[in-house]
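In order, the protein sequences belong to chains C and F.
The letter at position 385 of the first sequence is residue 385 when you use this note's numbering, and the numbering goes up by one with no holes.
Count along the second sequence from 1, then add 1000; that gives the number in this note's numbering.
Read the hints as simulated data drawn from the structure, not as lab findings.
Being a predicted model, the structure only gives us computed values, none of them experimental.
Note that CB positions come from ideal geometry on N, CA and C, so glycine has one too.
Watch out, some of these pointers could steer you wrong.
Partial pick of chain C residues on the chain F-facing surface, computed with a CB cut under 8 Å [to be verified]: (1) Met73; (2) Pro75; (3) Ser133; (4) Leu324; (5) Glu335; (6) Val531; (7) Pro546; (8) Glu547; (9) Lys550.
Each chain, written out:
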Amino acid sequence: MTIMIKNGIVVDPTQNIDGEKMDLFIKNGKLVEESEAGKVEKVIDANGMTVVPGGIDIHAHIAGPKINAGRSMRPEDLKYVRSKSNKTRCAMGKVLLTCPAIGYEYAKMGYTTAIEPATPTIYSIHTHEELDSIPIVDKAALPLFGNWHLTFKFAAEGDVEKMKAFVAWAIDKAKGYGIKIVNPGGVEAWMYGKNVHSIHELIPGFEATPAEVLTTLMKAAVELNLPHKVHVHCNNLGVPGSAETTAETIKLAEKIGKENCLHITHVQFNSYTGDSWKNIGSGAEELSKLINSSPVTVDMGQVIFGHTTTMTADGPFEFALFKLAKTKWINKDVEIETGGGIVPITYRAKSPVNAVQWATSLEFGLLVDPDKIVVSTDYPNGGPFVEYPYIISLLMSKKLRENEVKEKNVSNYIERATSLLSLDIERSFYDIVKMTRSTPAKILGLKNKGTLRIGADADIAIYPFNCNEVRDEELLKSLERTAYTIKSGEIVVKDGEIVSDIWGKTFWVKVNSEREIIEEELNDVFKYYTVSKNNYGVKEEWIRKPEVVKV
Amino acid sequence: MVKDVVCTFCGNACDDIEFEEEYGVNLCPLGEAKFSKKDRIKAPMIDGKEVTYEEAIEKAAEILKEAKRPLLYGWSSTVNEAIRLGVIIAEKIGGIYDQCSSVCHAPTTLAMIEQGIVGGTLGQAKNRADIVVFWGCNPVEAHPRHPTRYSVMAKGFLTKGRLDRKVIVVDVRKTPTAYLATDFYVVKPNSDFAIFTALRSAINGNENAIPDEVGGLKRDEIINLAEKLEKAKYGVIFFGLGITHTRGHERNVEAVIKLVQDLNRKTRYILQPMRGHFNVVGSGEVPAWEVGFEYAIDFSRKYARFSPGEFTAVEALIRGDCDAAMIVASDPVAHFPKKAVDRLKEIPVIQIDPHPNLTTKVANVVIPTAIVGIEAEGTIYRMDGIPLRVKKIRDSKYMSDIEVMEKLLEKI
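Extracted from the complex, chain C is given alone in its bound form (with noise of 0.2 Å):
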């Protein structure tokens, strides 16, 4: 369908627009010019309201076992109903959420791309089965890298050939997009019952170190010029002193020197200074400094006060947390290449130390450059992706961000530990636009998202209100629905409500490289596997939409 928007105002960042009065041509899923667009079939009056692309989730646990056993160990959050079978289907969850809702859920908000980051490479089948369940949003998914025994022999042997090898096999295996790395080696040294507290300490049974499973892969991801490369979950994440780990890892990304050569994912929960939860504090300032001036970039890992799920790789972080929350656990132990656990947690506005980590992640949001940071939650961990607009609202308002601490009445402990309420800084609309949009887009190379450029994908969202002229307290409304959805040129969502079921893509990244050199470490690895290296992994076949993007 051809479709015309008529007299929207425009934020595209990539394009230096910041609320220009414009009309957008869209033909075959694509945007294009108004000569070629041909016979328009379909017009959209969005006179007074504003024309953004779709948003990207860089960061969101959307798909694999890990959301799936979450769902499964918490009916309570299930039991919430988005909305009723009928002409599409049932939606379901308050913060752990269906398939179907979470595509729903993000085109609702004017999202239509997200990437699920941590996918353990033999569980990739699991992982593309639920992202296929996704309804319209395009997807990708991240294998995990840095508790893989190979990865351990060929950083400790400083072969980058031979990691590019294997980080193409592993890539192909999982039909991935990139590189995850969780708390590298804490993981393996949780299967001993332990964890790995410094960068620069050995992985037990092996001869290499964290800092040299980070820089290994990003030498390896920077040759195999892959479109995102590094993306870190930190070591010692979620303790105080944990911004000296982050500026620690900053520091070797700044060796590499190449930009976007690594993304430090949920920022806010690796920068805690303090050496106790009695004396946590934000290192947030320190560390936005240090992120503006390196080739790092980073999400926000914003945290949401309420009930969540925390998932995450990191299995041993998982155990410390079941231990402070005292609640119900999930652990996994998986083959000798990762593992991973769930804990359900209450963030509450009125405990210092989860206060510190809302208002840290507000810090980061205002502090850093916007070229270099993405709104993020690491759903479901600090709250459910359907907040952004809450975050967004947030980084737009001082007096919102005020508001928000008297009514919520969080702990005055943030006046000591952070310096949230001293920041005057409001980001203005198109700063949010590149926040949600460019950024994400540029980070994660994907060239024909996050823009309106003619030939880009025609991935849009038209939100019911003037970016120019809106009042603070209408912010949050304005963003939750779009007034329209175009998903690759198609009408998902008018006036909030899903009116067309669609699939999106899944990409994946087809790497050209000699496997041959690891073969033999390949054969010998299996040894060690319950299943076999034939049945290990994803045929493209098996996906639904597959999307390659070939280096």
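Use these hints to put chain F onto chain C, whose structure you have.
Chain F in isolation, oriented as in the chain C frame:
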């Protein structure tokens, strides 16, 4: 020769089977029976009369559409792709989705809802475990290749084989698995909860709380067993229906989960239920991601409601709630209580299955399908959730479960 074939019988899902014509290598006796030639349902049938697939599916769709609250049950011996379509059909027609766990490891799910579960893949038993415990399960007879492939004799990178492992078997009788044990404990029936609790007392330094005898084990034996368990560098506890289907049910499972939680404060342990059918895990995982719950799901209000004991197949049938049933890849007539079977005799029943079984005798519409993993491919989840793609190694004249479900969904 076809290599790396996945056996589609038990939850082991061994994926190293090789086929030369009809002859399979590496199969255990159960797998051999599965892959051997067996009685088949010859053609689709309506009320005992042979019809075309088209007619049978049309009739099945009619029954499902007319029913107020149809039960869609079974699923543990088919592929995820068919299960997914089955869940969507149940949602569309406002029926009940339930699967074999509801008469099997459902207590494990209930315990998991209360406590979570400390788990791992079977590779952990193979590579790291220096203590393997079989509690109320009998893999030698139920999962025959489990000991050699994954647990007792498996050669891993840390634990090199049988000599590096202690094997502890706890059961009410001397099962064939007990002959593999380094230490075998005979316990009184229905005493698992008490024994797990006593072990927790010993591990948590409350030996004084333990009575002189618990479930047939003397106090010293309990303390001694607790010490053995604690000495593991990495322990794996496998458990079976011996604890889920004896007095206490989900409370027994909850107790062993707590025991494993406690053990993890001292050393490393994981727990793994010995799941039965090759894709019983998938029949819970698929509905979980589609509609939020694993089993006992009702859609009569146009959204998913989870209520074990209410929307579980046996209870829903006995109550007389269901006015039609579709049974996929399962045989409830052979396994359900008589009153539930009586209800199945009263209502229209659709059966989708490769083989005739007792359920065929009560079914009004019978739709034969290709055998999963032999004549049809698709995705299944092993007992530890590891996904595997099962293969088609022979052609057949039968439609696959996926094709039947697709056609059925179109008509609904």
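- Query: Holds or violated: C:Leu324 as interface residue toward chain F, Cβ cutoff 8 Å?
  - Reply: violated, 13 Å
- Item | Proposed interface contact between C:Glu335 and chain F, which counts if any beta carbon pair is under 8 Å | At about 4 Å, which falls below the 8 Å cut-off, the nearest Cβ of chain F leaves the hint on C:Glu335 intact, so it holds.
- Message: Hint C:Pro75 vs chain F: min CB-CB distance below 8 Å?
- Response: At 5 Å from the nearest chain F Cβ, C:Pro75 passes the 8 Å test, so the hint holds.
- Message: Min Cβ distance, C:Val531 to chain F: is it shorter than 8 Å?
- Response: holds, 5 Å
- With 8 Å as the cut and Cβ atoms as the points, is C:Glu547 at the interface with chain F? violated, 21 Å
- Satisfaction of the C:Ser133 interface hint, Cβ to chain F closer than 8 Å: holds, 6 Å
- Message: Holds or violated: the hint that C:Met73 contacts chain F, with Cβ atoms closer than 8 Å.
- Response: Given a least distance of 6 Å, the restraint on C:Met73 holds.
- If you take the shortest Cβ to Cβ gap from C:Pro546 to chain F, is it below 8 Å? The hint is violated - C:Pro546 has no Cβ within 8 Å of chain F, the shortest such distance being about 16 Å.
- At a threshold of 8 Å, is the proposed contact between C:Lys550 and chain F supported by beta-carbon distances? violated, 25 Å
Checked against the numbered hints listed earlier, the structure breaks hints 4, 7, 8 and 9; every other hint is satisfied.
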